[in-house]
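Heads up: the sequence lines are chains A and B, in that order. By the working numbering, the letter at position 94 of the first sequence is numbered 88, and the numbering carries on one by one without gaps. By the working numbering, the letter at position 27 of the second sequence is numbered 223, and the numbering carries on one by one without gaps.
No lab work stands behind these hints: they were computed from the structure. A hint or two may mislead.
[Unchecked claim] Simulated DEER-style distance windows between Cβ atoms: (1) A:Ser67 - B:Asp272: 21 to 31 Å; (2) A:Ala193 - B:Gly224: 56 to 66 Å; (3) B:Phe273 - A:Gly206: 33 to 43 Å; (4) B:Ile284 - A:Glu283: 33 to 43 Å; (5) B:Gln268 - A:Asn148: 35 to 45 Å; (6) B:Asp292 - A:Thr146: 44 to 54 Å.
Fair warning: this is a prediction, and the values are worked out from it, not measured in the lab. By construction, the Cβ of each residue, glycine as well, lies at the ideal position given by its N, Cα and C atoms.
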Amino acid sequence: MAHPDSSDKWQDLMAGYVLENLSDQEAAELRQLLEDQPELRHELQRYEATLAQLPQGLPLETPAPRLEQALLSQIHALQADQQPDLQSAGQAAGQADPLLPRPQHRPQRNPRGGGDPGFPRHRLAWGVGRAIAAGLLLFLGWDNYTLRRSLTANQQQLNNANSLIQELRQNQQQTAVVLASLSRPGAMVYPLLGTGSLADASGSLVTVPDAGEAIFIARNVPALPEDQVYRLWAIQDATTAPLYCGEFNPEADDTTTRWVLPASGCSTQPQQLLITIDPVDSPPVPVGELVLQSQPS
Amino acid sequence: MDSEACTPKSHWTLDATDRALIEAMQVGQVEALQELYRRYGRLVYTLALRILGTVTEAEDLTQEIFLKLWQQQTYDFERGSVGTFLTILTRSRAIDRVRSRKARQRLLQRWISMDSDRTENNLPLERAALGERAQQVQSALTQLSEKEREVLEIAYYEGLSQSEIAHRLDVPLGTVKTRARTALKKLRTLLQDLI
Chain A
-5 MAHPDSSDKW QDLMAGYVLE NLSDQEAAEL RQLLEDQPEL RHELQRYEAT
45 LAQLPQGLPL ETPAPRLEQA LLSQIHALQA DQQPDLQSAG QAAGQADPLL
95 PRPQHRPQRN PRGGGDPGFP RHRLAWGVGR AIAAGLLLFL GWDNYTLRRS
145 LTANQQQLNN ANSLIQELRQ NQQQTAVVLA SLSRPGAMVY PLLGTGSLAD
195 ASGSLVTVPD AGEAIFIARN VPALPEDQVY RLWAIQDATT APLYCGEFNP
245 EADDTTTRWV LPASGCSTQP QQLLITIDPV DSPPVPVGEL VLQSQPS
Chain B
197 MDSEACTPKS HWTLDATDRA LIEAMQVGQV EALQELYRRY GRLVYTLALR
247 ILGTVTEAED LTQEIFLKLW QQQTYDFERG SVGTFLTILT RSRAIDRVRS
297 RKARQRLLQR WISMDSDRTE NNLPLERAAL GERAQQVQSA LTQLSEKERE
347 VLEIAYYEGL SQSEIAHRLD VPLGTVKTRA RTALKKLRTL LQDLI
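Generate coordinates for the entire structure from the input sequences, incorporating the hints supplied.
See below:
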């Protein structure tokens, strides 16, 4: 195997590793390189750290102050939960030691058989009793500890379930907003089907004339690069030019987007609605590829 | 062990090192975690918000990250700075969540405006501490070509594979790989004082 000894080559491999885009052959080359020169692992870490600097380039957002309070409350609760565990376990272990039969107290067997005449039977029973009590205490302490741990794990599951419920509630609220829009006078829903390079895409467009807004529920409509944008056009009739009805760029494939319609003609039952991909700085005439369209009425 | 680790919490100052705070946190001092949150909470939250897109999810993940830092106590100074560790952890968990969200094929998302819960920046000390680093990173990013930055940011913030990026940008896979690697190598050079 060729040894990637030039600096540019190994830097390329490391960048590729951190970006998870190495081919199998390149991965093998990098493995070999790191075996031969283990000191280069530090350089690999520096590449990882470099990539991790990217968020520093974002404008910083500040979380709501209640987040810090919620975090601290949760940690205090965890601490309160753990301290009794440790105390119980510690107490059990600490108390158990003096109760455990020590070696020098163990009854010595008479080599000729029979019990030690100097070690009365009731003391033997007392020692056994103490050993059982100590064992029981240890067991209860451990049991308590494991129960607490199990409780903490359940609490975590409960927290996860609560997060999911919160998420579902949010979805419900969003759905309620769409449904509320649909109940507004004159609201219309237009199914749109993908075409061209977005043949797999689809979506539903809701127009609400009295609010002058549109809601687009997308399916497999990818986010565009910053220099491009989706534009909505309304066809009123065969003789007039398409009417510009706003633009959007979804953040993810399945996103719901809402915007204010720039012209009332967009929501007054056009013959057909079209969505194109246009350069973001192009004038409001359709020049880009047609990617979604409604059925002509 | 760093002597600062044994420093009583009442002796902390705002300029305590991250290492001192981590070590104090590892012996159960909640106030040390609180100070770490004040230093890095906004960075973690900003990244979570950038990837997840909603305030609710970003808050939830931020809380999860700092709870992990508290509970697992697996942070290793040899692997890089606290900020880097938290950033890598946050990105990884956020991308996992996005993938899981896609898998569930949620019907509607990101509806409520991201502005609703934003508050004004009121932590000038923290901003000053991170500001210089942020400025250097921002400056370095401007030295990448637009196409290089685009590929790097899609890969980083959206966790798409190189072939998914190639499909989205409608460019050959090799071009995506080259652009991303070139961008990262440039950043490595430009940010060498920070790393």
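Each hint, compared with the structure:
1. A:Ser67 - B:Asp272: 21 to 31 Å: Between serine 67 of chain A and aspartate 272 of chain B, where Cβ atoms are some 28 Å apart, the hint holds.
2. A:Ala193 - B:Gly224: 56 to 66 Å: holds (58 Å)
3. B:Phe273 - A:Gly206: 33 to 43 Å: For phenylalanine 273 of chain B and glycine 206 of chain A the Cβ distance comes to about 57 Å; the hint is violated.
4. B:Ile284 - A:Glu283: 33 to 43 Å: Taking Cβ atoms as reference, isoleucine 284 of chain B and glutamate 283 of chain A lie about 38 Å apart, which means the hint holds.
5. B:Gln268 - A:Asn148: 35 to 45 Å: violated (19 Å)
6. B:Asp292 - A:Thr146: 44 to 54 Å: violated (22 Å)
Violated hints, in rising order: 3, 5, 6; the structure is consistent with all others.
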